[in-house]
Structure formats: C-alpha cells, structure tokens
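Chemist: Start from the sequences, fold in the hints, and give me the full structure.
So you can see what is in the structure, the chains are spelled out below.
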Amino acid sequence: DTAVSQTPKYLVTQMGNDKSIKCEQNLGHDTMYWYKQDSKKFLKIMFSYNNKELIINETVPNRFSPKSPDKAHLNLHINSLELGDSAVYFCASSQNKGNYGYTFGSGTRLTVV
Amino acid sequence: GENVEQHPSTLSVQEGDSAVIKCTYSDSASNYFPWYKQELGKRPQLIIDIRSNVGEKKDQRIAVTLNKTAKHFSLHITETQPEDSAVYFCAATSGGSYIPTFGRGTSLIVHP
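So the sequence lines, in the order shown, correspond to chains A and B. Straight run, no breaks: the first sequence in our numbering ends on number 346. Straight run, no breaks: the second sequence in our numbering ends on number 161.
No wet-lab data here; the hints were simulated from the structure. Be aware that a few hints might be false.
Computed Cβ-Cβ distance ranges for the label pairs, DEER-style [claimed, not checked]:
(1) A:M248 - B:K106: 44 to 52 Å
(2) A:S313 - B:S67: 47 to 55 Å
(3) A:K242 - B:N102: 34 to 42 Å
Backbone N, C-alpha and C fix where the C-beta goes; we use that ideal spot for every residue, glycine too.
Modeler: Rendered as structure tokens:
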C-alpha cells in the first residue's frame, strides 16, 4: 500500500526526447508537489497543485508541464530533454497547503544522454 | 524570502555517540520546522517536526529544539546507530508561503 507512488523509477533517454513521469497518492491529501534533487542533493520546488489547481510554478523552463487530472494524481511531462535535466525528480503530497509535513514518492532518476 | 543555513554539511560519529545538526533561518514569520531523513537511494522521510509555539519536541532517540529569538533550530540524535546514517534536511516554512525552504542537508555517518 504505497502512499505516494511514482513511475517509472528509472528513465534513461536521449537529448531532445519527450518523457512523462506519473505520480499518484492514496492518502487523501489535497496538495501535491514536484521537486527536483540535483547531484548535490539540493531539493528544489518546481510545482505545487492544490485540489487540481496550480498554485506554485517556480522558475522552471516551460519545457516542463505538470498536469493534475484529479487531486490524487500529478504528472510531469518534459519536452525536448536536455543534459541538464538529469536529476532525481520527487513527487510529494501533504494534507493541505498549510504547514504540514510531506510524504515523498520513491523518486524517478532521469538520465539524459 | 526565507533563507535556511544548515551545519555541518558532514558529520561523522561513533556508534553510541550523540549527533547534533543545526539550522538557522532568516524570516521571523516562519512557523513550521520539519526534519527529513534520506537514506542512500531512498526518498526523504519526515522524522520529526516542530511548530513555533513549542520550544522542544522528543520522539524516542530524536529531539528538536527551537529558539525563535535567535532564529535557529536543531536536531539531536542520541545513542546513534549505524542505521541512522543518512542525509538529514531541515526546512522552515514562512507564514506567508507554505512551501518550505530546505537546508542543503547534512550527511551523517555513524561508524560501528
């Protein structure tokens, strides 16, 4: 019974390709997030959705497009992949957009070659 | 915006010793301070959190203290065990933005 599940776990792809990462949570949380963790382990917020509505859109290239079909799902589509996109991408959810702890997914290690 | 500094970046201790990781924050309006543990190749996991109306919180071998005046908070791990080896992240959430600002992480190594 994984609380926040992400697929795929590993993704190796060539520059210029388009790829998607899927995320689902079964916790009944209202808020979901995408984070990027670089090689130095820094966690950087990318997007946040609350009840399917985009509420945070940090400065990321517009090649990254999130989509939330319902409050339990938040997918990330990346167009025209670049070498610098290589990182671990974590989905997370929290009870609400207030001050609550996160439950993270297991991460997707994206390698662009 | 909020700025969170975390020290040390690496901490090496012997099994059974105590470990302390310190974080400072800049926004006096910050009111929620979670700590996450990330084992190698795994997801970050919330291990303890504290809100600004509390000065200390304990959960078995881990404790967090908060000094609002000095704007710093610390994670204390007693009787460390090899399975405590991981990267620990502190975070601070300002009242004006519910997105936490993470520290850069502390790599804790516990030697058996």
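Chemist: Next step is simple, just say for each hint if it's right about the structure.
Modeler: Against the structure, the hints:
no., hint, in the structure
1, A:M248 - B:K106: 44 to 52 Å, "holds, 47 Å"
2, A:S313 - B:S67: 47 to 55 Å, "holds, 49 Å"
3, A:K242 - B:N102: 34 to 42 Å, "holds, 40 Å"
In summary, this structure violates none of the numbered hints.
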